[in-house]
Each structure stands twice: as structure tokens, then as C-alpha cells.
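**Student:** Next come the chains, spelled out residue by residue.
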Amino acid sequence: MKHLLIAAALLVSFAAGAQQKSAADGIAEYRKMLEDGNPAELFEAKGEGLWKQKRGPKNASLELCDLGQGPGKVKGAFVALPRYFADTNKVQDLESRLVTCMELLQGLNGAEIANTPFGRGEQNNVTALATWVAAESRGLKFNLPQGHAEEKRSYELGKRVFYYRAGTHDFSCASCHGEDGKRIRMQDLPNLTKNPGDGIGFAAWPAYRVSNGQMWSMQLRLNDCYRQMRFPYPGFGSEPTIAVSTYMGVNAKGAASIAPAIKR
Amino acid sequence: MADPMRIRAQVAGDKATVRVLMAHEMETGQRKDAAGKTIPAWHIQDVTAQHNGKTVMTAQWGPAVSKNPFLQFNVKGAKVGDKITVSWVDNKGEKRSDEATVS
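The listed protein sequences derive, respectively, from chains A and B. So in this note's numbering, spot 13 of the first sequence is number 219, and the numbers just go up one at a time. So in this note's numbering, spot 16 of the second sequence is number 27, and the numbers just go up one at a time.
Honestly, I wouldn't trust all of these hints.
Claimed, not checked - In silico DSSO-like links for lysine-lysine, alpha-carbon gap of 27 Å or less:
| no. | chain 1 | residue 1 | chain 2 | residue 2 |
| --- | --- | --- | --- | --- |
| 1 | B | LYS43 | A | LYS238 |
| 2 | A | LYS260 | B | LYS106 |
| 3 | A | LYS238 | A | LYS347 |
| 4 | B | LYS78 | B | LYS106 |
| 5 | A | LYS227 | A | LYS388 |
| 6 | A | LYS365 | A | LYS400 |
| 7 | B | LYS43 | B | LYS87 |
| 8 | A | LYS347 | A | LYS281 |
| 9 | B | LYS78 | A | LYS238 |
| 10 | A | LYS264 | A | LYS281 |
| 11 | B | LYS43 | B | LYS106 |
| 12 | B | LYS106 | A | LYS258 |
Stated by the list, open to error - DEER-style ranges, computed between Cβ atoms:
| no. | chain 1 | residue 1 | chain 2 | residue 2 | range |
| --- | --- | --- | --- | --- | --- |
| 13 | B | GLN83 | A | GLU385 | 50 to 58 Å |
| 14 | B | LYS106 | A | GLU445 | 40 to 48 Å |
| 15 | B | LYS48 | A | TYR369 | 40 to 48 Å |
| 16 | A | LYS279 | B | PRO15 | 24 to 32 Å |
| 17 | B | GLY40 | A | GLY387 | 41 to 49 Å |
| 18 | A | PRO263 | B | GLY40 | 37 to 45 Å |
| 19 | B | LYS48 | A | CYS431 | 29 to 37 Å |
| 20 | B | LYS48 | A | MET392 | 46 to 54 Å |
| 21 | B | LYS103 | A | ALA317 | 34 to 42 Å |
| 22 | A | GLY353 | B | ILE50 | 45 to 53 Å |
| 23 | B | GLY64 | A | MET239 | 48 to 56 Å |
Think of the hints as simulated: they come from the structure by calculation, not from any bench. We treat Cβ as the ideally placed atom computed from N, Cα and C, and that holds for glycine.
Excised from the complex, chain A in its bound form (with noise of 0.2 Å):
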């Protein structure tokens, strides 16, 4: 009787100890599951063959786009964006210099682009060859430059719309961005004025969204992010948009980049 007592026991504290896992073990947990499998290499796949393939008015491969690291260097290029470019005399992120360079080697239309929603048309092409850029840099630490004053401002206009309030909500990015510990119903959400650590918010994307089927740009993430402040939408490659990445970019120095990551 007294064995029975002592193994009903056990079986309580091997019950209680199962029930602490939190909601975020479980879906770090999933993300675990579903990372061997992550469709990301799908489009992995089709933005290098993007990459390498003669398209355009110009017929022309992608192969002497200047990502920062000199034209057709791709690997480490991703953590070291949003840079400032002299010839376009702008801080560019990565989706806006690769739209860049769809027009001046491949002769499209960077506005119409530009103005392409997401998942329709050329946009989806930009998404395939951020995605392979991304992917490209696997593993290596974020250290983008500061050293041109454009970047500086870059910066600190990041900053300025990262806690700038607004909208019907009275949200900035702060407002879920800007202390540890905060989340949207299960998902935590990381610290952002700081390095959150290796694969973490601006490390993570772009990413393949599991739960929609859909692979997300970063452009598209801040898009999202506005839509759930109830913001106006940001032009896609906006200077703001360009800005905040900087900001986030600059913060996350040191951290490894894991994009293209896999998402709920």
C-alpha cells in the first residue's frame, strides 16, 4: 500500500513537472520540429536561380549587383545592410538595392515594383532573392557600418520612428519592442533596442510563415507590424522603413544570423 502511495506521488509531481513547460518551450519546440523541413529552401532555391538567370528588358542576370561587398559579392552582404550606396546617394536595405539593381542591370521598373504588393508579380521575385541573399550569410554576425554620416542619420531617424506614437491604438514599436519579456498572445516578442541574441527579431527574417504559407521579407514583417498598430501602410523601401531596419540592424551587432528562418 505504502509502494502504491509513493508511485501515485511520483505520478502527481511527473504530471505537475510536464504542465510548467510554457507556451513558448512549446512552440520553440515546434519551430524545432518543423526547421528540417523549412520551406524557405524552396524559395532559397528559386531567388539563386533568380540571381543567375538573364531577365528584363536588358537581359541581363543579376550577377554584377552590388549588395556592398562589390558587385556579385552575396555572402556576408546580408549582415551588413541597410549600408549607404554612393551611387543611388541613399541608406538602402536589402530589398530596396536588390529592386535597385532589377533596374539598372535588368532595365524593370523599380517603382512599378516598388508599388507591387506583396506576394503579387516581381515582388515575389524580390522576396525569392532577398531570401537566397539572406541565406547566403547563414551563421554570420550582424555588423553593419556607421561609418558614412547618411548611415548615422539612417540610425537615429530609426530610433525616432521605432518610439514615434500614433495611430488609433497610440502604439510605436516601443510599445512591444521595447523591454524584455513583453508578448502578443503565446509568442514572445524580443527586446529590440538592444541585441535580443544570435537568430533573434532582425537575425530571423526573412522567414517562412507556417501558419499562412507564406515566406516574409523584412519589408513585409515591418508592413505587418503597421498594419497591427493600425498605422498607414509604409511605402515599401520608404526611407522610414529603411530606417527602422538600420536601427534594429545597428542593435543587433553580434548576433548570428539564422534567416531564412522558420515562423509559426
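With the hints as your guide, set chain B onto chain A.
**Tutor:** Just chain B, lined up with the frame of chain A:
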């Protein structure tokens, strides 16, 4: 033409673990578009896996399988250098076949 599959096949003991990622919309036929019209069903129906030309697995899939599906299975007796071929046919009759070498 559908986008290519990603196939990885690795020897683990006396078998090979094959991991396949397929690029497919996998529309269920239950969803409606922005205009309220039903989006017609469009999904993979038949999947076949071959080991050096011999069929080792067939599967029938339906609308419950996710978009961009991931498939993993083991092939007994597969060795380094063997060929694994995976093919699918969807309900529109579209086909895709890709090959990988066991490593």
C-alpha cells in the same frame, strides 16, 4: 512548369533517410478569394518514390496536406550513390519529377 523539389537523401545505418520539400500551392477548394469566389481545389494527388528505378513508396494526397509540403521517409538498403526519384501528379494533371543521389 512547377518549381523544382528539394530532395536530400542520407545514409543512416542500413537505410537512407529521404527528405523532400515540394513547391505547391495545395489549394483545398474551401477558400474564397477577395471577390468572394471559391478558389478551385489544386493539390498534389499522387506521390511516387523510386529507388534506382524501383518503386518503393506511393502515396495518395488530398486537400488536408499543407502548402509547400515536406515529406520524410526511409528507404531500406539504400547505399551511397543510389538514385532516389520522387514524382508527383496534381489534380490538374501537372507533374514534377526530381532526382537525388544518396550521400
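**Student:** Does B:LYS87 sit within 27 Å of B:LYS43, going by the straight-line distance between their CA atoms?
**Tutor:** Cα-Cα ~43 Å, so violated.
**Student:** Between B:GLN83 and A:GLU385, does the beta-carbon spacing fit 50 to 58 Å?
**Tutor:** With a Cβ separation near 40 Å, B:GLN83 and A:GLU385 fall outside 50 to 58 Å, so the hint is violated.
**Student:** Is it true that the CA of A:LYS365 sits at most 27 Å from the CA of A:LYS400?
**Tutor:** This hinted pair holds, its Cα atoms lying about 12 Å apart.
**Student:** State, for the Cβ atoms of B:GLY40 and A:GLY387, whether the hinted interval 41 to 49 Å holds or is violated.
**Tutor:** holds, 43 Å
**Student:** Are the Cα atoms of A:LYS238 and A:LYS347 separated by 27 Å or less?
**Tutor:** Status holds; Cα separation ~21 Å.
**Student:** Between B:LYS48 and A:CYS431, does the beta-carbon spacing fit 29 to 37 Å?
**Tutor:** holds, 31 Å
**Student:** Hey, B:LYS43 versus B:LYS106, does the alpha-carbon distance stay inside 27 Å?
**Tutor:** holds, 25 Å
**Student:** What's the verdict on B:LYS78 and B:LYS106, does the C-alpha distance respect the 27 Å limit or exceed it?
**Tutor:** holds, 16 Å
**Student:** Just to be sure I understand the hint, the distance between the Cβ atoms of B:LYS103 and A:ALA317 should be within 34 to 42 Å; is that true here?
**Tutor:** Distance hint for B:LYS103, A:ALA317 holds at roughly 35 Å.
**Student:** Within a Cα-Cα threshold of 27 Å, do B:LYS106 and A:LYS258 meet the stated pairing?
**Tutor:** holds, 25 Å
**Student:** Measure nothing beyond the straight line between the CA atoms of A:LYS227 and A:LYS388; if it is 27 Å or shorter, mark the hint as holding.
**Tutor:** holds, 18 Å
**Student:** Taking the CB of A:LYS279 and the CB of B:PRO15, does the distance hold inside 24 to 32 Å?
**Tutor:** holds, 26 Å
Violation of the numbered hints given earlier is confined to hints 1, 7, 13, 20 and 23; the remaining hints are satisfied by the structure.
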